[in-house]
Amino acid sequence: MNTFNDIQLKQQIWAKQKGLTRETQFAGTEHETYLLANPHQNLFMPLSETNANLFGQKELKEMKELCSTSAICLNLFQYWQGKDIYLLLNALRLPSKKSSNYSMEDENPSTCPIKLKEKFQFDERKRIYPHPVTVDVFIHAGFDFIIETQFAAPYKSPHSNLAKWYIDQPSFWKELPHLFELAKEISSSNQRFYYLDVARLITEIIALKKTYEESDRYSNETIRRRFCLIYLWYDVLGEDGIKHKNEIEEFAKIAEKDFINFRQISIQKLITKLAKDFYKGNEAYCDYLIERYL
Numbered sequence: 001m002n003t004f005n006d007i008q009l010k011q012q013i014w015a016k017q018k019g020l021t022r023e024t025q026f027a028g029t030e031h032e033t034y035l036l037a038n039p040h041q042n043l044f045m046p047l048s049e050t051n052a053n054l055f056g057q058k059e060l061k062e063m064k065e066l067c068s069t070s071a072i073c074l075n076l077f078q079y080w081q082g083k084d085i086y087l088l089l090n091a092l093r094l095p096s097k098k099s100s101n102y103s104m105e106d107e108n109p110s111t112c113p114i115k116l117k118e119k120f121q122f123d124e125r126k127r128i129y130p131h132p133v134t135v136d137v138f139i140h141a142g143f144d145f146i147i148e149t150q151f152a153a154p155y156k157s158p159h160s161n162l163a164k165w166y167i168d169q170p171s172f173w174k175e176l177p178h179l180f181e182l183a184k185e186i187s188s189s190n191q192r193f194y195y196l197d198v199a200r201l202i203t204e205i206i207a208l209k210k211t212y213e214e215s216d217r218y219s220n221e222t223i224r225r226r227f228c229l230i231y232l233w234y235d236v237l238g239e240d241g242i243k244h245k246n247e248i249e250e251f252a253k254i255a256e257k258d259f260i261n262f263r264q265i266s267i268q269k270l271i272t273k274l275a276k277d278f279y280k281g282n283e284a285y286c287d288y289l290i291e292r293y294l
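Each residue of the sequence shown is one higher than the one before, counting from 1 in UniProt numbering.
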């Protein structure tokens with residue numbers, strides 16, 4: 001049994017214990033997938049009206065999968081919208097302007113929001129490319145944190161190569177010489193990274209860098225905005241987990257050479273930290289995450 005099937009089996013056991021009916025797609029093939037009857041059964045809490053408007057029919061269908069990345073992202077982050085995000089930042093091992101004993105009474109939460117499926121353009125006039133990059137999670141808390149979340153997908157099949165179109169855009173690679181060399185390598189044949197979706201991370205970095213350059217150009221503020229890209233991933237025992245982590249570390253070294261603030265943390269470490277330090281007052285949330293994902 002491969003790693004993806006191991007993860008999927010754990011999710012099947014969870015669903016069975018909860019009495020949830022499961023359906024099967026592509027039964028008997030390497031792409032066999034288990035789904036719940038509806039996406040809401042896959043979530044800790046119902047979708048808020050704001051978040052519900054972010055997901056189309058195709059995405060809601062994906063959210064029915066027991067190993068849905070959208071579902072785990074919602075289960076981890078929707079809970080914190082309107083709550084003390086500095087507890088979450090602490091659990092993510094990220095810096096913030098306030099300590100972990102910060103009270104929501106001190107500040108309007110709308111000034112430090114968590115947004116899901118935030119979009120970033122390659123240029124604000126959409127002359128280069130009209131379609132934006134959509135990131136999983138965006139947190140503004142005096143510093144902008146962008147989170148790329150991956151659950152079981154890295155252990156299922158190789159990722160796509162980077163489209164050559166990106167290589168042919170000189171403006172994309174300003175101040176990114178090392179990532180440009182990597183991009184050229186993986187645009188033709190990606191033999192270097194199997195688990196890590198490097199093409200997606202590179203396109204996110206390009207769009208983010210272009211967005212923040214535009215912001216700096218037209219802003220009157222003396223302090224320039226900065227972003228940090230966090231890779232939140234599901235760790236596994238054995239060779240697959242080791243190789244996945246090695247690929248993350250290899251990419252981090254390349255990004256660092258281009259002065260990109262890139263960090264990584266496993267989903268398991270995040271959940272463990274939340275349960276250890278912030279269980280009180282968040283019992284149902286922590287219990288759900290522990291039972292399902294640890």
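FYI, nobody ran anything at the bench for these hints, they're computed from the structure. There may be inaccurate statements among the hints.
No farther apart than 20 Å at their CA atoms in a straight line, the calculated lysine to aspartate or glutamate pairs in the DMTMM-like style are these [said to hold, decoys possible]: (1) Lys273 with Asp235; (2) Lys164 with Asp197; (3) Lys115 with Glu148; (4) Lys184 with Asp240; (5) Lys115 with Glu204; (6) Lys184 with Asp235; (7) Lys253 with Glu185; (8) Lys156 with Asp123; (9) Lys10 with Glu204; (10) Lys257 with Glu247; (11) Lys164 with Glu118; (12) Lys253 with Glu283; (13) Lys117 with Glu247; (14) Lys10 with Glu185; (15) Lys10 with Glu250; (16) Lys243 with Glu148; (17) Lys117 with Glu62; (18) Lys119 with Glu239.
Just so it is clear, the structure is predicted and the values come from calculations on it, not from any experiment.
Evaluation of the provided hints:
no., hint, result
1, Lys273 with Asp235, "holds, 15 Å"
2, Lys164 with Asp197, "holds, 16 Å"
3, Lys115 with Glu148, "holds, 13 Å"
4, Lys184 with Asp240, "violated, 26 Å"
5, Lys115 with Glu204, "holds, 16 Å"
6, Lys184 with Asp235, "violated, 28 Å"
7, Lys253 with Glu185, "holds, 16 Å"
8, Lys156 with Asp123, "violated, 33 Å"
9, Lys10 with Glu204, "violated, 31 Å"
10, Lys257 with Glu247, "holds, 16 Å"
11, Lys164 with Glu118, "violated, 25 Å"
12, Lys253 with Glu283, "violated, 37 Å"
13, Lys117 with Glu247, "violated, 25 Å"
14, Lys10 with Glu185, "violated, 36 Å"
15, Lys10 with Glu250, "violated, 29 Å"
16, Lys243 with Glu148, "holds, 19 Å"
17, Lys117 with Glu62, "holds, 15 Å"
18, Lys119 with Glu239, "violated, 35 Å"
Of the hints listed earlier, those the structure fails to meet are numbers 4, 6, 8, 9, 11, 12, 13, 14, 15, 18, in rising order.
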